[in-house]
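Trainee: Same order as they appear, the protein sequences are chains W and S.
If you're matching positions, the first sequence starts at 1 in this note's numbering and goes up one per residue.
If you're matching positions, the second sequence starts at 1 in this note's numbering and goes up one per residue.
Just so you know, these hints were derived from the structure itself, not from any lab.
Small disclaimer: the values here were computed from a predicted structure and weren't measured.
Be careful, since some hints might not be right.
Copies of the same chain look alike in the list, so a pair counts if it fits in one copy or across any two.
Said to hold, decoys possible - No farther apart than 20 Å at their CA atoms in a straight line, the calculated lysine to aspartate or glutamate pairs in the EDC-like style are these:
no., residue 1, residue 2
1, K60, E129
2, K68, D187
3, K68, E7
4, K76, D187
5, K82, D121
6, K82, E147
7, K60, E7
8, K76, E181
Protein chains: 2
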Amino acid sequence: MSAPTIEFWFDFGSPYSYLSAMRIEAEAGRAGVAVHWKPFLLGPVFQALGWSTSPLVLQKEKGEYAWKDMQRQCRKYGLRWKQPTGFPRAAVPPTRVALSNAEQPWVGEFCRRVMQLNFADDRDIDSAEVVLEVLRGMGLPAQQLWEEAQSEEWRGRLRAQTAAARWLGIFGAPTFFVRREMFWGNDRLDDALGFCRAQA
Amino acid sequence: MSAPTIEFWFDFGSPYSYLSAMRIEAEAGRAGVAVHWKPFLLGPVFQALGWSTSPLVLQKEKGEYAWKDMQRQCRKYGLRWKQPTGFPRAAVPPTRVALSNAEQPWVGEFCRRVMQLNFADDRDIDSAEVVLEVLRGMGLPAQQLWEEAQSEEWRGRLRAQTAAARWLGIFGAPTFFVRREMFWGNDRLDDALGFCRAQA
Numbered sequence: 001m002s003a004p005t006i007e008f009w010f011d012f013g014s015p016y017s018y019l020s021a022m023r024i025e026a027e028a029g030r031a032g033v034a035v036h037w038k039p040f041l042l043g044p045v046f047q048a049l050g051w052s053t054s055p056l057v058l059q060k061e062k063g064e065y066a067w068k069d070m071q072r073q074c075r076k077y078g079l080r081w082k083q084p085t086g087f088p089r090a091a092v093p094p095t096r097v098a099l100s101n102a103e104q105p106w107v108g109e110f111c112r113r114v115m116q117l118n119f120a121d122d123r124d125i126d127s128a129e130v131v132l133e134v135l136r137g138m139g140l141p142a143q144q145l146w147e148e149a150q151s152e153e154w155r156g157r158l159r160a161q162t163a164a165a166r167w168l169g170i171f172g173a174p175t176f177f178v179r180r181e182m183f184w185g186n187d188r189l190d191d192a193l194g195f196c197r198a199q200a
Numbered sequence: 001m002s003a004p005t006i007e008f009w010f011d012f013g014s015p016y017s018y019l020s021a022m023r024i025e026a027e028a029g030r031a032g033v034a035v036h037w038k039p040f041l042l043g044p045v046f047q048a049l050g051w052s053t054s055p056l057v058l059q060k061e062k063g064e065y066a067w068k069d070m071q072r073q074c075r076k077y078g079l080r081w082k083q084p085t086g087f088p089r090a091a092v093p094p095t096r097v098a099l100s101n102a103e104q105p106w107v108g109e110f111c112r113r114v115m116q117l118n119f120a121d122d123r124d125i126d127s128a129e130v131v132l133e134v135l136r137g138m139g140l141p142a143q144q145l146w147e148e149a150q151s152e153e154w155r156g157r158l159r160a161q162t163a164a165a166r167w168l169g170i171f172g173a174p175t176f177f178v179r180r181e182m183f184w185g186n187d188r189l190d191d192a193l194g195f196c197r198a199q200a
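This is chain W alone, in the form it adopts within the complex (with noise of 0.2 Å):
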């Protein structure tokens, strides 16, 4: 038998995805659950629901509690943070390369790095260079798994990953699946675990 598996659809300006992946492979190890890594970009998936930026934007109340709160967050599950000075941040670049390599055993590092450049170290992370720093620090081929990311191909398959998650009924980040159930948001990573394992 197979071990039992969770999707994690995340997109790197996400702060709540950030608590998500920070923790998300060392929670599932523990629950004998194995993590796929799902990236994609959320931007357009809010833009089909009408909303033209990032709803801790445009709801001021909401956005200013949030940060409050991720500053909590944080200190609970021993995080750094820093309130990133560009929100909602883009990040096709690393994006890509996440999707790319989403099979890959280093995916989680590669994007724990990524999301630490902009929730810890408010760094912009929407360029190539930003990547291969990421990369060459992991010690992998830099220059070639950035080529094969930014191919024709690939463009194409995170377009078609964004408009799966649209199929898919997600409205935020990060949503799990375990099969076809879906659960929104950090706090529900726990449950989703658990569900999972209740199916195993």
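Add chain S to chain W, keeping to what the hints say.
Mentor: Positioned in the frame of chain W, the structure of chain S alone reads:
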């Protein structure tokens, strides 16, 4: 020294307020924290934010998800659940009674009974009859309590309570306050109680 306290701001029509109403007294008790019940009307708050109704109605995808999520959350907490055929339900009479009796030791039980009518029995709760039924079921002087609650004084105080919710920056329910620190959503009740104890 007085016990640390948590303010519980809620609306009888809010599903996630149901989850918190059913468990807050027991959980706060275990944490040695006193609960201040703060019933208010979420509708005027939403309108002030530019929303004509609940975000769960305005945002179809999120609303559909919320009903599935509520079903799972109720199972998790061991609560009865039946999706209300009317949503969001107005609940002015019970809100007035909860407000005018917020200092009574039985206010929690009253609120839980009204919540269960809405979210477990699918009953309309926007009437004097329902209020009288609940109060009588608790062996209280129903008619007298109801007359006091619908007095001009308490009508005014409910308007003031809802204005206070706006002034505090509340944008949804349930919302918890520990001193000036705000926590939004049933998912933050445990964090709020933890914060409360850390301040004691």
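Trainee: Run every hint past the structure and note whether it holds.
Mentor: Hint check:
1. K60 / E129: Neither: 32 Å inside a chain and 39 Å across chains, both beyond 20 Å.
2. K68 / D187: both (16 Å within a copy, 15 Å between copies)
3. K68 / E7: Intra 28 Å, inter 18 Å, cutoff 20 Å: inter-copy only.
4. K76 / D187: both (13 Å within a copy, 14 Å between copies)
5. K82 / D121: within (6 Å within a copy, 46 Å between copies)
6. K82 / E147: neither (31 Å within a copy, 53 Å between copies)
7. K60 / E7: For K60 and E7, the Cα distance exceeds 20 Å both inside one copy (31 Å) and across copies (23 Å).
8. K76 / E181: between (27 Å within a copy, 16 Å between copies)
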